[in-house]
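Sequences and hints are given; from them, build the entire structure.
Below are the chains, spelled out letter by letter.
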Amino acid sequence: AAGVIQSPRHLIKEKRETATLKCYPIPRHDTVYWYQQGPGQDPQFLISFYEKMQSDKGSIPDRFSAQQFSDYHSELNMSSLELGDSALYFCASNERNLGQGIYEQYFGPGTRLTVT
Amino acid sequence: LAKTTQPISMDSYEGQEVNITCSHNNIATNDYITWYQQFPSQGPRFIIQGYKTKVTNEVASLFIPADRKSSTLSLPRVSLSDTAVYYCLVGDGYGGSQGNLIFGKGTKLSVKP
Chain A
4 AAGVIQSPRH LIKEKRETAT LKCYPIPRHD TVYWYQQGPG QDPQFLISFY EKMQSDKGSI
64 PDRFSAQQFS DYHSELNMSS LELGDSALYF CASNERNLGQ GIYEQYFGPG TRLTVT
Chain B
26 LAKTTQPISM DSYEGQEVNI TCSHNNIATN DYITWYQQFP SQGPRFIIQG YKTKVTNEVA
86 SLFIPADRKS STLSLPRVSL SDTAVYYCLV GDGYGGSQGN LIFGKGTKLS VKP
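Chains as they are written, first to last, in the numbering used here: chain A, 4 to 119; chain B, 26 to 138.
Treat the hints as calculated values from the structure; they're not laboratory data.
Please read these numbers as outputs of a predicted model, since none were measured by experiment.
Hints may be right or wrong, so weigh each one.
As the list claims (entries may be wrong) - According to the in silico footprint, chain A covers these stretches of chain B (three or more CB under 8 Å from chain A): (1) 65-79; (2) 106-116; (3) 125-135.
Claimed, not checked - Once the Cα atoms are required to be at most 27 Å apart in a straight line, the calculated DSS-like pairs of lysine-lysine come out as: (4) B:28 / B:77; (5) B:130 / B:28; (6) B:133 / B:94; (7) A:60 / B:130; (8) A:60 / B:28; (9) A:60 / A:25.
Ideal Cβ positions, reconstructed from N, Cα and C, are used throughout, including at glycine.
Here is the structure:
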């Protein structure tokens, strides 16, 4: 079965650089969620999109922005990177339109971002 | 979302049944109880979700007492590959909720040979 695809899987950036993470949800899924997990931490919700519109916003820094495109893929843009942004970034998706329980989300493998 | 409390860690041996209990005293009428499993450096994986009584799937069982103030995830005959962090989440999975998962401190299960 198709899964959530994230790219790149690993990314190394320097402080103050920018980074773009991509997420391709499972086909027919209309909702995308972004989570950040720092070393030894629990996943933290950043932002979500439903039908290409921002649905909810969590602890996403102002330096970060995201969007969902017409093909439902999503991109997380991160600027002025800081050392503390080093983390695993997960994308998850589900199909809210068909009443799928919104707490049943399918996670991608994550992008490991290292800021030096 | 209702606040949840679960043990920080648990140890078990291969072949044993493991029960992880989660307390959620402030659970609301519309809230569902959902459990996720996370292996190191991997995304969380949905295990099971329930509202009341007992739910069973191919992976686990979820026991929810009548007052719904707690729930127990039961993993039958664990193996080394069940070593992971298990998260209990409680919230309204339908209707007006936005659906973002609020992960608390999960339970780190270590299965030994």
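Structure-based check of each hint:
1. Residue count for the stretch 65-79 of chain B with a Cβ under 8 Å from a Cβ of chain A: 7. That meets the three needed, and the coverage hint holds.
2. Residue count for the stretch 106-116 of chain B with a Cβ under 8 Å from a Cβ of chain A: 3. That meets the three needed, and the coverage hint holds.
3. With a threshold of 8 Å between beta carbons, the proposed coverage of the stretch 125-135 of chain B by chain A holds, since 7 of its residues qualify and at least three are required.
4. Restraint check for residue 28 (chain B) and residue 77 (chain B): the C-alpha separation of about 18 Å stays at or below 27 Å, so the hint holds.
5. Only pairs whose Cα atoms come within 27 Å are accepted, and residue 130 (chain B) paired with residue 28 (chain B) is accepted, the gap being roughly 11 Å.
6. Restraint check for residue 133 (chain B) and residue 94 (chain B): the C-alpha separation of about 22 Å stays at or below 27 Å, so the hint holds.
7. With a C-alpha separation of about 21 Å, the suggested pair residue 60 (chain A) and residue 130 (chain B) falls inside the 27 Å cut-off, and the hint holds.
8. For the hint linking residue 60 (chain A) to residue 28 (chain B), the alpha-carbon distance of about 19 Å falls within 27 Å, and the restraint holds.
9. Of the supplied pair hints, the one linking residue 60 (chain A) and residue 25 (chain A) holds, its CA atoms being roughly 18 Å apart against a limit of 27 Å.
When held up to the earlier numbered hints, the structure conflicts with none and fits them all.
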